Amino acid sequence: MANTNLNIPALEIHDLTVAFDRKPVLWNIDLTLPQGKLVGIIGPNGAGKSTLIKSVMGLLPLSSGYIKLFDQDLETVRNKVSYVPQRNSVDWDFPVSVLDVVLMGRYAGLGLFKSIRPADKEMAMDCLRKVGMENFANRQISQLSGGQQQRTFLARSLAQQADVYFMDEPFAGVDAATEKTIIQLLQNMTQQGKTIIVVHHDLHAVTSYFDWLIMLNTRLVAHGATAEIFNRENLQHTYGGKLTLLSDVGELFKREELPNREK
Amino acid sequence: MENLIDFFSFSDPNVRYVTLGIIFIMACAAMVGTFTFLTKKSLLGDAIAHAVLPGICLGFMLSGTKNPLVLIPAAFAFGWLSLICINFITYRSRIKEDTAIGLVLSVFFAVGIFLLTIIQKNGNANQSGLDHFLFGKAAALVMEDIIAFSIVALLLMLLTLFLFKEFTLISFDKDFALSSGIPVRTLEILQTGMIVLTVVIGIQAVGVVLMAAVLITPAAVARYWTDNIKTMLAIALITGVFSGIAGAYLSYSAPNMPTGPWIVIFISTLALLSFFLSPKKGIINKILKQKRYKRQIQDENVLKTLYQLGEKTNQFFLSQQEANISDKRFFAKNILSNSLHRLMRNGFVSKQKNAWQLTDAGKLRGQRLVKIHRLWELYLTTYANIAPDHVHEDADTIEHFLTPELEAALEQQLNFPEKDPHQTIIPYQ
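Protein chains in written order, with my numbering: chain A, 3 to 265; chain F, 177 to 605.
Some hints could be false.
Listing some non-contacts, in silico: residues in chain A with all C-beta distances to chain F over 12 Å [claimed, not checked]:
| no. | residue |
| --- | --- |
| 1 | Pro46 |
| 2 | Met125 |
| 3 | Gln150 |
| 4 | Ser210 |
| 5 | Tyr211 |
| 6 | Ala229 |
Derived lysine-lysine pairs resembling BS3-like cross-links, with alpha carbons at most 30 Å apart [claimed, not checked]:
| no. | chain 1 | residue 1 | chain 2 | residue 2 |
| --- | --- | --- | --- | --- |
| 7 | F | Lys488 | F | Lys457 |
| 8 | F | Lys470 | F | Lys527 |
| 9 | F | Lys350 | A | Lys116 |
| 10 | A | Lys132 | F | Lys457 |
| 11 | A | Lys256 | F | Lys272 |
| 12 | A | Lys25 | F | Lys406 |
| 13 | F | Lys406 | F | Lys470 |
| 14 | A | Lys25 | F | Lys216 |
| 15 | A | Lys116 | F | Lys217 |
| 16 | F | Lys470 | A | Lys116 |
| 17 | F | Lys527 | F | Lys509 |
| 18 | F | Lys350 | A | Lys39 |
| 19 | A | Lys123 | F | Lys488 |
| 20 | A | Lys116 | F | Lys527 |
| 21 | F | Lys457 | A | Lys25 |
| 22 | F | Lys406 | A | Lys116 |
| 23 | A | Lys132 | F | Lys350 |
| 24 | F | Lys467 | F | Lys457 |
| 25 | F | Lys350 | A | Lys70 |
| 26 | F | Lys470 | A | Lys123 |
| 27 | F | Lys350 | A | Lys256 |
Hints listed in this document are in silico derivations from the structure and should not be mistaken for laboratory results. Just so we're clear, the structure is a prediction, and the values are computed from it rather than from any experiment. C-beta: ideal position from N, C-alpha, C; glycine also.
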């Protein structure tokens, strides 16, 4: 189901600025991602990694710029896009089972007023098998460990059968063995032409995990093939202290309630 | 007793109206409240309930009647207005949502009381009963009310049924719902509309002040008894309707009692019972569980001591006096005796004259405890870099609760060592 024209970029971000309470957390981001890559977004705390993918998913108002997926607006290609939120963004004491959560990946495709079909259940079970969670299908979600919660979210995302996946810290709280299985699964998916963008917290294994990188620290430091841009200089720009002046200007906008753009 | 028969024969049309009306109200409240509870918006229900009062008063002042066709839209408008105010304050000022809800709730309620006072001073003949909106009086329900309620209840039931999966999703993970293209904003407005409608039909019988309890408590009760959202909805419905009928009956048998408080007392009692009795989350069960663990630890410590006494002489089935056991490891006299008798009932020790000896099963269990204790000590010193004289207490707890799978994994990882950090032999079966 991958896009027929492989030359169309999976994601194009043009001059994106996003502000919280008037303080910009992403400044003037410009980037293009080719299809079929496993992409890592790396950067220090507060670099705007999650903000970037939330903006792409249309969850945050943009101060400026635009975002295209497969050269289209998000609204027209929603069914090709999947999102894995951070694990701790939901209440895991919610009264549903693992299978129920995975089935949520099918809801949008089914449409309002429709009920779950046996085919959806089989599909969901298949996704659970892919992440090694088939034995937990009927488990109540509050009984899961952190790694199992993460795999449940991943299975839900797989159940959407999208072409491009945005994952917010899918390795947080996951043990080493699970991390390995997940990354293998993701690598297999990219070989089938899927594009996967992963917010990643630590630099460990960056070169072996990702073939493409977005290095972020409020502004875009570098993006491109990992082999080309993962070097000391870019790392220093990404992690080597905050851009003091930039964040001071941000604080000024917040304090004085200045508009982010002239209109 | 006569009251009870009178009430449940439903021969009095008034009783029929009241009971039907209450059933509709409680059913709506339970359905809508389940999602309000799961979205953690309980306070919002309270705010809406208070905010509709000025709407009802204004509706009455303008039309001069208590016709629900006038009062419901007026109340709806004010419930909605209160939400707009809360949202506006939250997004446009530094005030946080809980404070905003508190502010709006009291201001709207104050205006409502103010208008109510004006109406009562004017002496409009129709106004009698309007003050029932404060605490509710189910006896005041009439035919038209029941028709209006049934329509609302049917509407809410259909919406809940057909949008169940969407409501579940947006309560659990709103960001994911938004990202997958589900019309979250529309559904949220719909949900809020459902809350407002429920409150509006509910306050005549239950009253403004108590509506929040009716909305939230059935869901809270249900959550104690199940981990399945569909079952939870069903239990909330039953709890709500049952409390409603009970409240209606009580206010029927004591006519000067308002219905709302009785209903609330009923559901709250159920909530309190659930809090204590629920099999998974109930306090009593938690206490019993702790007690069971404590007993298990005591019994196993006695077994372990008997095994260790046997280790000295390499004769595990010798009879031991209670004083002997206590010499090896101190136990309070009655605790030791209780444990030994329990162990005898379960076949782990036997008694001969005044002395105790291990059975085969008892020896096996004692040996396993000692083995796990020593393996765990070795594990901690080897892998966690803890000094040998600091590992005993930890192992003392672990030995009772290590599962067979973890036990096997521990043996594998340490590769069946012969001795623990204190150079004591580790016994294997």
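Verification of the hints:
Distance to chain F confirms A:Pro46 as a non-interface residue, since its nearest Cβ pair spans about 23 Å, more than 12 Å. Every C-beta of chain F lies more than 12 Å from that of A:Met125, the closest at about 15 Å, which supports listing it as non-interface. The claim that A:Gln150 is not at the interface with chain F holds, since no C-beta of that chain comes within 12 Å of its own (minimum 16 Å). Residue placement check: A:Ser210 keeps its beta carbon more than 12 Å from all beta carbons of chain F (closest about 27 Å).
With a closest Cβ-Cβ approach of about 23 Å to chain F, A:Tyr211 is found to remain outside the 12 Å limit, as its non-interface label requires. Residue-level check passed: A:Ala229 sits 31 Å from the nearest beta carbon of chain F, beyond 12 Å. This hinted pair does not check out: F:Lys488 and F:Lys457 have alpha carbons roughly 45 Å apart, beyond 30 Å. For the suggested pair F:Lys470 and F:Lys527, the alpha carbons sit about 23 Å apart, so the restraint of at most 30 Å is met.
Taking the CA atoms of F:Lys350 and A:Lys116, the gap is about 19 Å. The hint holds against a cut of 30 Å. Taking the CA atoms of A:Lys132 and F:Lys457, the gap is near 33 Å; set against the 30 Å cutoff, the hint is violated. Among the hinted pairs, A:Lys256 with F:Lys272 is consistent with the structure: their alpha-carbon atoms are about 18 Å apart, no more than 30 Å. A threshold of 30 Å between alpha carbons decides the hint, and for A:Lys25 with F:Lys406 the separation of about 43 Å lies outside it, so the pair is violated.
As the CA atoms of F:Lys406 and F:Lys470 are separated by approximately 37 Å, the hinted pair breaks the 30 Å bound. Simply put, A:Lys25 and F:Lys216 have alpha-carbon atoms about 29 Å apart, close enough for the 30 Å limit, and the pair holds. The suggested pairing of A:Lys116 with F:Lys217 holds, with an alpha-carbon distance near 27 Å, which does not exceed 30 Å. For the given pair, F:Lys470 sits about 51 Å from A:Lys116 by alpha-carbon distance, which is inconsistent with the 30 Å threshold.
For the suggested pair F:Lys527 and F:Lys509, the alpha carbons sit about 17 Å apart, so the restraint of at most 30 Å is met. For the given pair, F:Lys350 sits about 28 Å from A:Lys39 by alpha-carbon distance, which is consistent with the 30 Å threshold. For the hint pairing A:Lys123 with F:Lys488, the CA-to-CA distance comes to about 61 Å; that exceeds 30 Å, so the pair is violated. Distance hint between A:Lys116 and F:Lys527 is unfulfilled; the C-alpha atoms sit about 68 Å from each other, more than 30 Å.
Annotation: proposed proximity of F:Lys457 to A:Lys25 is violated, straight-line Cα distance about 44 Å (limit 30 Å). Taking the CA atoms of F:Lys406 and A:Lys116, the gap is about 16 Å. The hint holds against a cut of 30 Å. For the hint pairing A:Lys132 with F:Lys350, the CA-to-CA distance comes to about 25 Å; that is within 30 Å, so the pair holds. Among the hinted pairs, F:Lys467 with F:Lys457 is consistent with the structure: their alpha-carbon atoms are about 16 Å apart, no more than 30 Å.
Proposed proximity of F:Lys350 and A:Lys70 is supported: the alpha carbons are some 23 Å apart, at most 30 Å. About 43 Å separates the Cα atoms of F:Lys470 and A:Lys123, which puts this hinted pair outside 30 Å; it is violated. Among the hinted pairs, F:Lys350 with A:Lys256 is consistent with the structure: their alpha-carbon atoms are about 27 Å apart, no more than 30 Å.
Violated hints, listed in ascending order, are 7, 10, 12, 13, 16, 19, 20, 21 and 26; each of the other numbered hints is respected by the structure.
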